[in-house]
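Visitor: Join the two chains, each given in its own frame, into one complex according to the hints.
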Amino acid sequence: MLNVSRETILNCLLALTLLVVPFIALSLDEPFYVTLATRVAIYALAGVGLNLALGLGGLISFGHAAFFGIGGYAVGILASHALNYEPHFSSPFELEGTTQMLILWLVAMIVSGLAALIIGLFSLRTSGVYFIMITLAFAQMIYYFAISWPAYGGEDGLSIYVRNGFPGVNTLIPINFFLITFGVLMSALFLVATLRNSRFGAALQAARQNEDRLSAVGIKPFNIRLATFVISAMITGLAGALFADLNRFVSPNMLSWHTSGEIMVFVILGGVGRLFGPVAGAALFILFEFIFGGLTEHWMFFLGLVLLAVVLFARGGLIGSLAGKVRYD
Amino acid sequence: MTAALLIEQLLNGVQFGLMLFLMAAGLTLVFGVMGLINLAHGSLYMVGAFACAAVANFTGSFWIGLGASLAAAAAAGAIIEIVVIRRLYNRDHLDQVLATFALILIFSEGTRWVFGSFPLFLDVPELLSGPVSLPFGVQYSIYRLAIIVIGCLVALGLYLLITKTRLGIRIRAGESDRAMIAALGIDIRTLYTIVFALGAGLAGLAGALVGAIQSVQVGMGEPVLILAFVVIVIGGIGSIKGSLFGSLLVGLVDTMGRFLLPSFFKLFMDPSQATSVGSALASMLIYILMALVLVVKPKGLFSANA
Chain A
-15 MLNVSRETIL
-5 NCLLALTLLV
5 VPFIALSLDE
15 PFYVTLATRV
25 AIYALAGVGL
35 NLALGLGGLI
45 SFGHAAFFGI
55 GGYAVGILAS
65 HALNYEPHFS
75 SPFELEGTTQ
85 MLILWLVAMI
95 VSGLAALIIG
105 LFSLRTSGVY
115 FIMITLAFAQ
125 MIYYFAISWP
135 AYGGEDGLSI
145 YVRNGFPGVN
155 TLIPINFFLI
165 TFGVLMSALF
175 LVATLRNSRF
185 GAALQAARQN
195 EDRLSAVGIK
205 PFNIRLATFV
215 ISAMITGLAG
225 ALFADLNRFV
235 SPNMLSWHTS
245 GEIMVFVILG
255 GVGRLFGPVA
265 GAALFILFEF
275 IFGGLTEHWM
285 FFLGLVLLAV
295 VLFARGGLIG
305 SLAGKVRYD
Chain B
4 MTAALLIEQL
14 LNGVQFGLML
24 FLMAAGLTLV
34 FGVMGLINLA
44 HGSLYMVGAF
54 ACAAVANFTG
64 SFWIGLGASL
74 AAAAAAGAII
84 EIVVIRRLYN
94 RDHLDQVLAT
104 FALILIFSEG
114 TRWVFGSFPL
124 FLDVPELLSG
134 PVSLPFGVQY
144 SIYRLAIIVI
154 GCLVALGLYL
164 LITKTRLGIR
174 IRAGESDRAM
184 IAALGIDIRT
194 LYTIVFALGA
204 GLAGLAGALV
214 GAIQSVQVGM
224 GEPVLILAFV
234 VIVIGGIGSI
244 KGSLFGSLLV
254 GLVDTMGRFL
264 LPSFFKLFMD
274 PSQATSVGSA
284 LASMLIYILM
294 ALVLVVKPKG
304 LFSANA
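Line order of the protein sequences matches chains A and B.
Start counting the first sequence at -15; every next residue gets the next number (the numbering used here).
Start counting the second sequence at 4; every next residue gets the next number (the numbering used here).
One chain only, chain B, in its complex shape (with noise of 0.2 Å):
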């Protein structure tokens, strides 16, 4: 094993945590500010990801699809929070939960229709195509790289709009106090709404940066939507800083875990058995670290409002 093997898995750890942040973002300041706990947030995901692969193929341009999926999968959020989000804010979570598994069901089955089963290929830009040379004799795919950079991007506007806007301001105030804001004048369903497309656009645009490495298809979003609750539980509910934190450590400890712990394994047992036994567990590590998380932490490492 190789330094430069080692850095390559360490940076494709943090590509995979900041993706996972773009989705944790969005359902964490759902929860935080609306109190709602949506399971088709991985369905947003899937829309960014076919808009953008539909939209490439058409235009042949990899940007404007990259735009489209952030237009599509925002509007797509306003949309279902008008029509049916709405509805379930003074809702308990049994039906929040049912509600957006109906609307998981309906967008799955939807997007089969309109686009079939296969998967769709949506290439990288050839702007950003082959490999870099970094110190250490490093190779590494520029379009990772760039995903990093437009994931730390990404987390620093986040955290300039949260603290330094008026918009921010205002969503800060709804987290801690809704009944208080509206009685302040804000009107408070359209900040709702703009804050679940926010989310929703955060989502979209995951899964186009995503499915160019991976493929385009149905019910993609939701891996990585029940990653983005384990990152959530870890990083405590509500909390931006905590889902950042939550989706690199969640990031990194499953890339490693893939990589390092086969070869673990190899030191004390034949090699077919510690590659079945290293992979198996480290498909569980992240779980094993939630529970580890929850015995110490059962509110989240960065719990905002408990």
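Here chain A stands alone, though its shape is the one from the complex (with noise of 0.2 Å):
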């Protein structure tokens, strides 16, 4: 017992304040801030993903809306075909749309890890400064195919008009939905846990510290951070299924380049690398956009001014400041 970590404590915590709000919330008859512990989680679930990418692996993606983006639409469409009773495509086989969040969220992940094989392919060849300008680029490029395809909605964006359901669960209650993106954000917060201790994960942050060193031990730091950037797209592209079922709603903006740029905010708020930095990031902005949200509509100003100034003299986010820095033992 002695040996537990102020971060974990601190950890702990977090985990165990996000998951009373709601019910505090639902006793004070406001059921408004159950919605908003859920945004908090699906926040803090896309955050999670991008961490593993860019705190562990130290690859800074600035594209990773258009995995949130990617998983949001393949929801969206596959619960529109269900809904309308049209098959995807009826030769050579029939493919059927669907309402059950379990498959959704299978084929959500699969096709975001897919979109992040091929992106990874391309802009893994580079690094640095060439590696953050390609993940954006790449990004835009599926942006604007949202904007310009016009079955799905285009810029309007596709409504998904019930919400799909969970088994033996309805999810169309808030709390219920609440606690199932909470589950799902633990159980990727454990995956990312037992990823960072195994084996895998210490050739990761090997590829981050020093490459020459992994590829002279004979593994090769393209392949591990290829995996990771799948990974991270997969959790990344889950978040955003569980938003489109949220919502109700995906639209392009999901996939712009400022969705990206928040993912980040989530994870540099927080704490860059820490196992809760981005839960910690996303209850942060969350906070800071329904306090100052609700003084001006200009608050996107001061978020700008409260990142500058954690960016400049803060560094390490709300982790690291109140846990120290980082232990490597």
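Source of the hints: derived by calculation from the structure; they are not laboratory data.
For glycine and all other residues, C-beta sits at the position ideal for the given N, C-alpha and C.
One or more hints might be untrue.
Computed from the model, here is a short list of chain A residues facing chain B with C-beta under 7 Å [claimed, not checked]:
1. Met125
2. Tyr128
3. Trp133
Where chain B lies over chain A, by a calculated footprint (3+ residues, C-beta under 8 Å) [said to hold, decoys possible]:
4. 37 to 48
5. 113 to 120
6. 245 to 254
Guide: If you want it as structure tokens, here you go:
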């Protein structure tokens, strides 16, 4: 028991707070806060995906909105086909749409993972600034494609008329949907924690710290990075799928470069490379939006000032300033 | 499809490419000399356009507005360099991306605060309005032709500045060895501010010139910024020549793709489907081009200092 670090205690507190707040809100008859907490959980999940690539792998992807949006569109497209009773295609075999979350999640993760595989194959050939610009450019390509392809709403986006179903749970009740997203977030955090402590995680962090030494022991940094990039995209894609179901709407906005920036902001505000960094960051972001957004419609201006101050003066984010520097033990 | 239409689209492509060059030149200079990735370059483009529109509406003269756009963007560039950017040179790229992303939020929301959400309108000056007749029966807008001329003049001026002047020598020296030029007694901080303001001024000029044919609105800089990134990836970071070549390539491929692809698909598809497939593919064309360049030359076509 004595060996529990401050960060672990902080992480448990964060998870517990996020879990308890919606129930308090319900008992006070303020269901709006349940939706707010659900948004925190989904944003955090998107951040967890990026944090794996950015924090552990040192891959500064400025294009994670692509995967967030692809996950969202996978849900939107499949659900709209199911609701219209028209199959995606009928030959050589018939593929129907679906409204089952578990299948939708799987599809969202596979599709965003495939997109990441292709983008990664090109962008991971480079590093540094090139990587930032190329991930941004590819995300923008998908954004423009979504806008100019008219079949699924184009610029107007695509509505999902009824929230998709989860076996044995009524997802239309906000608290149930919150618990689902919370469960997914915790599983993703568990997965990332396991990965980090595995041989794969060690190789990944070695690829960030010293590429040449990793090559010298016979592991190809490119393959490790590509695998990380794909897993990272799949987690963010899953967050996009949940986001689509939360809003019952997907739009090209989910794919825009601004979303990429925001996902990165979640990671930074909380603390780069910290397991619960994205959770803290997403919570801070939503709190900030809620408090300042109520005071002025120009809250983004103040967000910019705060972000600038964090980058210039408070590196390490919230978790870094509360729990101290990263311990390598 | 007539030859006149084709020539008109080619000229449009060149005009678009030269405006991209004004953006990309500043970005690539700042990266080459200071090693900084600046996402807020698009905001300086926006600042130039707004300054031009506001001053032109106030004074009634587009030309005073154009001067104001250069001055305002260069001043804004110098200020953010001194206040923020200067602290980022020794930081990693992640910090640079985030800080300049924060600057975008501040600039965009600040501009919306001052000017409101509605786009401003900037009229083409009377001297340059209307079409001009070119050979082969082409009728082309004088204003767009003037943009092409200005773009070429700026490219030439930049070439002379970099190769023939004392400032240019210092900039090139800064690109190849920062520590050495400082050791030789050059005030490196002032040099950085000048380079940044120069890039900012070029972006502001581009914003003002394009603002007169499109609308002047918040967020107008970011799509151009991302295209300028594509240009730099294709041309090679730090190379002015590469950014000129990349800009023209991107401008032409994008414009001709949007023009030709829908008609190409009409050859073997029904028209409405051809239009949607053609325009969707055209919007992705330059990114596919970028991917191809990456496969062949991961450091860009004209990489100056890898």
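Visitor: Could you check the structure against the hints above and give me the numbers of any it violates, in ascending order?
Guide: none
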